[in-house]
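K.L.:
Could you build all of it, start to finish, from the sequences and the hints given here?
For our numbering, count along the sequence shown from 1 and bump the result up by 2.
Hints are supplied without guarantee of correctness; some may be wrong.
What the hints assert, rightly or not - Calculated lysine-lysine pairs in the BS3-like style (CA-CA distance at most 30 Å, straight line):
no., residue 1, residue 2
1, Lys61, Lys43
2, Lys102, Lys43
3, Lys7, Lys64
4, Lys42, Lys102
5, Lys64, Lys42
6, Lys61, Lys42
What the hints assert, rightly or not - Label pairs and their calculated CB-CB ranges:
no., residue 1, residue 2, range
7, Asn84, Lys61, 19 to 25 Å
8, Cys90, Ala25, 32 to 38 Å
9, Asn75, Glu24, 27 to 33 Å
10, Leu12, Cys90, 34 to 40 Å
11, Asp45, Ala25, 18 to 24 Å
12, Arg100, Ser15, 56 to 62 Å
Simulated from the structure, these hints should not be mistaken for laboratory data.
Note that CB positions come from ideal geometry on N, CA and C, so glycine has one too.
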Amino acid sequence: MSLSKVLACLLLSLLVLHLLVEAADATEVSADSVESSAAKKIDCGAACAARCRLASRQKMCKRACGTCCARCNCVPPGTSGNEDVCPCYATMTTHGGRHKCP
Numbered sequence: 003m004s005l006s007k008v009l010a011c012l013l014l015s016l017l018v019l020h021l022l023v024e025a026a027d028a029t030e031v032s033a034d035s036v037e038s039s040a041a042k043k044i045d046c047g048a049a050c051a052a053r054c055r056l057a058s059r060q061k062m063c064k065r066a067c068g069t070c071c072a073r074c075n076c077v078p079p080g081t082s083g084n085e086d087v088c089p090c091y092a093t094m095t096t097h098g099g100r101h102k103c104p
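P.N.:
This is the structure in C-alpha cells:
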C-alpha cells in the first residue's frame, strides 16, 4: 500500500470518528434541553419590567432583578414585597450583606 492510501484511510477513519462523537453530543444536548424545558424558564425581562415599573432608578432595578431572576428563575409578583413567593430571590444578598433583589 502506498503512503497516500494509508493517509487517505487514516483521514477517513478520523472523519468517521468525529461524526460519531458529534452524534453522541447531539443526543446529550437534546436530553438536556428536554430536562430544561420541563423547568420552564420565565421571561425575566417582562417580569423585571413589571417589578421595577415604579422604581426611581429603573435601569439599576431591572439589572439587579435580571440577575436575581436568572439565578432563581423566579420574580415575586407586584412592585415590592411578596418575597415569600420566591425564597431564593428574597435571600440573595450583596457582598455588603444588603438585599440584592428589588
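K.L.:
Which of the listed hints are not met by the structure?
P.N.:
3, 10, 11
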